[in-house]
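Please put together the full structure from these sequences, using the hints given.
Residue numbers (the numbering used here), protein chains in the order written: chain A, 1 to 364; chain B, 1 to 262.
No lab work stands behind these hints, which were simulated from the structure alone.
Quick caveat: nothing in here was measured; it's all calculated off a predicted structure.
Hints may contain errors.
Claimed, not checked - Residues from chain B shown here face chain A by an in silico Cβ test under 10 Å; the list is partial: (1) 6; (2) 153; (3) 163; (4) 166; (5) 174; (6) 178.
What the hints assert, rightly or not - Pulled from the structure, derived: some chain A residues nowhere near chain B, Cβ distances all over 12 Å: (7) 94; (8) 136; (9) 138; (10) 174; (11) 223; (12) 226; (13) 227; (14) 297; (15) 325.
For glycine and all other residues, C-beta sits at the position ideal for the given N, C-alpha and C.
For reference, the chains in residue letters:
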Amino acid sequence: MTPSAPAAVAAPAVRLAGITKRFGDTTAVHPVTLEIGQNEFFSILGPSGCGKTTLMRMITGFETPTDGSIELAGSSVDGVPTRKRDLNMLFQSYALFPHLTVFENVAFELRVRKAPKRELRSRVEAALNLVRLGHLADRKPDQLSGGQRQRVALARAVVSRPAVVLLDEPLGALDQQLRKEMQIELKRMQREVGITFIYVTHDQEEALTMSDRIAVMSQGRLLQVGSPQDIYDRPASTFVAAFIGSCNVIPAVNTGAPGTVTVAGVGPVPAVGGDAALSGAEVWVAVRPERVAASAVRTPGAAQGTLLEAVYIGDRWRYVVRLGEATVTASVDSAEVSPELAALAPGAPVWLSWRPEHARVLTE
Amino acid sequence: MDRVVAWIARLVFVFLYVPIVAVIVYSFNASRSTSTWGGVSLQWYGELFRDGALLQTLRTSLIVGISAAFLATLIGFLAALGLSRYRLRGHRFVLGAVLLPLIVPEIVLGAALLSVFSFADIRLSIFTMVLGHLVITLPLATLILMGALSSLDPTLPEAAADLGASPWQTFTRVLFPLTRSALLAAFLLSFTTSFSNIVISTFTGGVGSTTLPLRVYSLLKTGVTPEINALGALLILLTIGIVSAVGLRQMRRILAGSTPTP
Ligand SMILES: Nc1ncnc2c1ncn2[C@@H]1O[C@H](COP(=O)(O)OP(=O)(O)OP(=O)(O)O)[C@@H](O)[C@H]1O
Ligand SMILES: [Mg+2]
Numbered sequence: 001m002t003p004s005a006p007a008a009v010a011a012p013a014v015r016l017a018g019i020t021k022r023f024g025d026t027t028a029v030h031p032v033t034l035e036i037g038q039n040e041f042f043s044i045l046g047p048s049g050c051g052k053t054t055l056m057r058m059i060t061g062f063e064t065p066t067d068g069s070i071e072l073a074g075s076s077v078d079g080v081p082t083r084k085r086d087l088n089m090l091f092q093s094y095a096l097f098p099h100l101t102v103f104e105n106v107a108f109e110l111r112v113r114k115a116p117k118r119e120l121r122s123r124v125e126a127a128l129n130l131v132r133l134g135h136l137a138d139r140k141p142d143q144l145s146g147g148q149r150q151r152v153a154l155a156r157a158v159v160s161r162p163a164v165v166l167l168d169e170p171l172g173a174l175d176q177q178l179r180k181e182m183q184i185e186l187k188r189m190q191r192e193v194g195i196t197f198i199y200v201t202h203d204q205e206e207a208l209t210m211s212d213r214i215a216v217m218s219q220g221r222l223l224q225v226g227s228p229q230d231i232y233d234r235p236a237s238t239f240v241a242a243f244i245g246s247c248n249v250i251p252a253v254n255t256g257a258p259g260t261v262t263v264a265g266v267g268p269v270p271a272v273g274g275d276a277a278l279s280g281a282e283v284w285v286a287v288r289p290e291r292v293a294a295s296a297v298r299t300p301g302a303a304q305g306t307l308l309e310a311v312y313i314g315d316r317w318r319y320v321v322r323l324g325e326a327t328v329t330a331s332v333d334s335a336e337v338s339p340e341l342a343a344l345a346p347g348a349p350v351w352l353s354w355r356p357e358h359a360r361v362l363t364e
Numbered sequence: 001m002d003r004v005v006a007w008i009a010r011l012v013f014v015f016l017y018v019p020i021v022a023v024i025v026y027s028f029n030a031s032r033s034t035s036t037w038g039g040v041s042l043q044w045y046g047e048l049f050r051d052g053a054l055l056q057t058l059r060t061s062l063i064v065g066i067s068a069a070f071l072a073t074l075i076g077f078l079a080a081l082g083l084s085r086y087r088l089r090g091h092r093f094v095l096g097a098v099l100l101p102l103i104v105p106e107i108v109l110g111a112a113l114l115s116v117f118s119f120a121d122i123r124l125s126i127f128t129m130v131l132g133h134l135v136i137t138l139p140l141a142t143l144i145l146m147g148a149l150s151s152l153d154p155t156l157p158e159a160a161a162d163l164g165a166s167p168w169q170t171f172t173r174v175l176f177p178l179t180r181s182a183l184l185a186a187f188l189l190s191f192t193t194s195f196s197n198i199v200i201s202t203f204t205g206g207v208g209s210t211t212l213p214l215r216v217y218s219l220l221k222t223g224v225t226p227e228i229n230a231l232g233a234l235l236i237l238l239t240i241g242i243v244s245a246v247g248l249r250q251m252r253r254i255l256a257g258s259t260p261t262p
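Below, the structure is given as structure tokens:
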């Protein structure tokens with residue numbers, strides 16, 4: 001089970017070449033170059049205001065890029081109006097037409113594009129069945145719940161089988177329970193209908209569980225593009241490490257010794273990937289809390305710190321430890337907490353360790 | 001205290017409606033004088049419809065009113081669309097410019113229009129009068145339609161375009177059905193504004209473009225005739241028709257300045 005971009009036999013569904021957007025003198029999107037494969041579930045993840053929506057709006061054609069060019073399925077769409085692009089957008093507000101029934105909302109595109117009458121009914125019904133709303137075809141949007149509206153919007157976006165569907169935080173307005181259900185539903189649908197999904201979210205868990213690939217954005221720039229495992233286990237920068245899941249980012253110095261870097265007040269700690277940095281350079285070590293082992297007794301190769309806080313969160317214990325000048329969190333499975341460790345009080349010495357391959361040296 | 005208020009309310013109602021009722025009652029008075037009651041008769045209505053000159057002015061008023069209302073609704077819709085959709089440079093300035101005629105005294109507007117027309121050597125006619133009426137009806141129509149459009153989800157037109165609709169299809173399939181009642185309200189209010197106008201008509205009308213209000217006004221100089229009562233009764237009927245077409249709720253919303261719901 002290695003999710004990766006589907007084999008690039010055909011042209012990519014979307015190709016962005018140096019796409020840029022400036023509003024006056026603020027740059028919302030710095031040049032972005034990216035290829036999104038056919039049938040790929042591609043997520044764009046980033047904090048609020050980082051340019052996700054702007055990037056999507058350029059792909060749909062609602063915004064004209066200041067610079068760069070866009071290709072859909074191998075042909076340039078620069079200057080092509082939205083209605084002539086083979087893609088649909090699912091708006092965060094759903095944008096259902098309030099004066100039309102569920103059926104007519106879904107049928108809108110087929111009617112506008114003059115699909116044969118005979119086909120229309122069966123295609124709309126198929127799309128409604130896909131989102132399990134066949135029984136509500138005659139309702140108006142204001143007679144539906146939030147989740148149902150969301151499904152209607154989805155049916156409307158896929159009824160014409162566009163090559164690409166763009167979803168801008170489609171689950172943002174739903175409660176936790178419904179979100180989880182819809183995540184599964186969306187993923188199922190995307191697999192069934194075989195459409196490229198470009199999915200904007202700022203929920204990193206959502207991105208990790210659903211995507212084939214994820215692009216992490218910050219301040220209008222693409223920081224890293226890769227599979228969920230890549231992004232989670234091999235973050236390319238401290239921003240990505242800290243943004244996806246929780247991660248300890250510990251300042252250190254590269255001493256040139258292979259396999260270790262030096263943390264002030266602690267000494268050498270194991271970490272991989274330091275070769276890229278110059279000797280003597282300031283770097284960071286990124287290590288996930290669940291990869292950090294904590295011990296109440298001195299262990300060879302472990303770094304000694306001071307316990308600041310121990311928090312019980314059901315299946316795990318969270319130990320917050322002062323390590324030199326840094327604060328490091330270790331998340332330990334409750335079943336593996338030794339009696340000595342469980343007995344520790346704040347202020348007591350703790351020894352932290354991790355496997356070298358679980359700690360990465362980051363230079364930015 | 002409450003009873004005092006209730007009585008004042010009743011008095012206001014009497015004050016508002018006595019003239020209206022009086023006009024209707026006297027329009028059926030067989031006697032020519034308002035001081036005597038000569039029994040019920042439809043003779044003034046008959047005379048009204050035989051008065052060719054008066055009917056001609058009614059025709060002029062209808063043509064001017066319908067043309068001005070149509071243009072005001074059309075241009076007002078486009079202006080409202082532009083002003084509510086796009087953050088144009090000078091957005092506030094344009095809005096101010098469109099709405100200014102609402103507060104400029106009509107007499108000033110009329111005089112200004114007249115001097116523009118004579119400066120540009122345009123002969124006064126029905127056409128110039130329609131332009132004059134457009135100046136006073138456009139702000140009304142724009143305000144009503146801006147209210148309706150700004151209460152719509154701004155992503156709806158984008159969604160329509162995304163689903164393959166051309167700008168025209170977006171209008172006919174989405175914007176028009178959702179703003180239908182506001183368009184009707186804008187048209188009818190523009191029409192009544194134009195239809196009852198005297199000042200602008202005086203300045204911008206040419207020879208042969210006398211409107212009904214101008215004609216009535218000149219007739220009144222020689223005293224109220226029963227014929228005018230009959231005309232007044234008919235106009236009241238027309239107004240009631242318009243108000244019920246727009247819908248009382250809609251009317252109240254518009255006059256209260258809030259947005260009419262689609
Ligand atoms: N029409 C516009 N005019 C000027 N600036 C804009 C415009 N649209 C977006 N911006 C700016 O561009 C930047 C990116 O906005 P964008 O809406 O793409 O962010 P986002 O990543 O979608 O954020 P969120 O998660 O909050 O939706 C923001 O700083 C925003 O203020
Ligand atoms: Mg956004």
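(message) Hints numbered earlier in the text: which of these fail when held up against the supplied structure?
(response) Hint check: 1 and 7 fail, others pass.
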